[in-house]
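Order-wise, the sequence lines are chains A and B. Sequence positions in the first sequence follow the numbering used here and run 11 to 134. Sequence positions in the second sequence follow the numbering used here and run 78 to 398.
Hints are computed from structural coordinates only; laboratory data are not their basis. All values reported here derive from a predicted model rather than from experimental measurement. All C-beta atoms, glycine included, are put in the ideal place defined by N, C-alpha and C. Any given hint might turn out to be false.
Short, incomplete list of chain B residues facing chain A, as computed with Cβ under 10 Å [stated by the list, open to error]: (1) 151; (2) 160; (3) 198; (4) 205; (5) 367; (6) 369; (7) 370; (8) 371; (9) 372; (10) 374; (11) 376; (12) 380; (13) 382; (14) 384; (15) 386.
With a straight-line Cα cutoff of 30 Å, these simulated DSSO-like cross-link-like pairs (lysine-lysine) come out [what the hints assert, rightly or not]: (16) B:179 to A:81; (17) B:351 to B:153; (18) B:124 to B:392; (19) B:379 to B:392; (20) B:392 to A:81; (21) B:161 to B:144; (22) A:81 to B:379; (23) B:345 to B:192; (24) B:183 to A:81; (25) B:379 to B:345; (26) B:379 to B:183; (27) B:153 to B:352; (28) B:124 to B:161; (29) A:81 to B:345; (30) B:124 to B:144; (31) B:351 to B:183; (32) A:81 to B:161; (33) B:179 to B:161.
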Amino acid sequence: MDRKKIVELANRYGVLTPILAIFILFISILLSGCLENKEIGEEDVVSIALNDSRTLVMINNSDYEVYDVGKAVFDGQEMYQVSIKIVNGTHKRVNVFVTYNGEVVSVGSQFPAPTPPEYSGNKT
Amino acid sequence: MKGITKLKGIGIAATMLLAALLIAAISVPTVWADDPTDTSQQRIPDKVDQNTSDMRTPTFIRDLMQKGFTESEIAKATLNMTIKRQEGWTDEDNERVVGYFKQVQKELLEESGSKDGVVQKDGRMTIDEENYHGINGYMRPGDLQVSSDGTQYHYFTNHIGNSGIWIEVGVARFHWEPDEYVVYTYDSTRPAGQEWETWGTTDPNVDHHFIMYVYDYDGTGYPYNIWWDDNLIRSGKLSHYNNNPDENHECFAASVDDFESCSVGYFKDSFLYKKEGNNYNAYWWNGDLPETTHSYGLSPVKVNRYIPGGSSSYKIDSWID
């Protein structure tokens, strides 16, 4: 192999290697973005919300009804919101916030929750 | 040969650099933002100075404090006070509007999708931990647009509560009587039908000062006062001293598609009361509190929470486009 040919090959691979790496980087970012943005559907959201341990504590083995599934902005982040009505006489309502990736970020009760008070200090 | 080595070296270096970038791109989270739940940094609560606290204390209470009354003596004095409604707001007005509240509650309890039910959507700011025994702030509800086939009711309201027991003060508008912006209170400890009280009507487009304050245990419960623009409008007893605060814009319609636009309403300049040892302190409601403040808007209700220039606490705007 003469010197000219060697220089030519080195030039070729010296340039091709970074191009190949850029291509791999581009594909990786693309795939990573697709995976990050993979949204769960509303059926999955309800299932995720109902199986969260905090939700189970709120439901406490009572009958319940999922009465609203919608979108919300929670602490500045857009996500799903699942509203659950407990139908054990208290009619307590629970809001569960689930990210588009399926992470439950908050479970809390919603006012007004017509709860019969255990406390009798004000009863006449 | 020297030229070949140099070129190869450049190629390898570029490859390593890109590999490093690749690893970084995968490992760094895609959203770079402040984590609102980050508690790693030490927070120093922003205490309300005595002068501001005094200025925002109702005249009646301030007079008692200047006379040396203790917390329990003030509580007793306020519990014995006669609560007066706004001049011209009659028992009949009260009963009529309480009837509206009961009707909304009935509709909320209907099964989803039934023709008599309503959907509730909120724009809210809250702390979930129960550490405070009162709130002192301002609200301006805005137009609270209602109609029989659009948004049927609005409650622009504050709560403090614990374990499903709470008190609240706010302004309500119902499509049955759209000319009225009713100032109301709620006490969940009251027997069924007696939870709501109305005080009168108000202008929704000016700032209103509200206070809910819970006193120390008096042997049968924790006395509380609710003040509206320097008027004592309700007192009673709660089951808990330490509660979570909540500022909420509640909107009701027959279905999600029926909500109609309403102007911006807000809560602002709120501070929270906290007893520490034997000291009764007040702290501005902002990100320096040890607890995380959450805010959310359930679509189509929108919220925007921020600290305006010149203020020490969060302002939360809420509206429907």
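Hint check:
no. : hint           : verdict
1   : 151            : 19 Å, violated
2   : 160            : 14 Å, violated
3   : 198            : 8 Å, holds
4   : 205            : 6 Å, holds
5   : 367            : 17 Å, violated
6   : 369            : 9 Å, holds
7   : 370            : 9 Å, holds
8   : 371            : 6 Å, holds
9   : 372            : 6 Å, holds
10  : 374            : 5 Å, holds
11  : 376            : 4 Å, holds
12  : 380            : 7 Å, holds
13  : 382            : 8 Å, holds
14  : 384            : 14 Å, violated
15  : 386            : 20 Å, violated
16  : B:179 to A:81  : 28 Å, holds
17  : B:351 to B:153 : 20 Å, holds
18  : B:124 to B:392 : 17 Å, holds
19  : B:379 to B:392 : 14 Å, holds
20  : B:392 to A:81  : 23 Å, holds
21  : B:161 to B:144 : 24 Å, holds
22  : A:81 to B:379  : 11 Å, holds
23  : B:345 to B:192 : 37 Å, violated
24  : B:183 to A:81  : 25 Å, holds
25  : B:379 to B:345 : 16 Å, holds
26  : B:379 to B:183 : 26 Å, holds
27  : B:153 to B:352 : 19 Å, holds
28  : B:124 to B:161 : 33 Å, violated
29  : A:81 to B:345  : 26 Å, holds
30  : B:124 to B:144 : 25 Å, holds
31  : B:351 to B:183 : 36 Å, violated
32  : A:81 to B:161  : 43 Å, violated
33  : B:179 to B:161 : 23 Å, holds
In this structure, the earlier hints numbered 1, 2, 5, 14, 15, 23, 28, 31 and 32 are contradicted, and the remaining ones agree with it.
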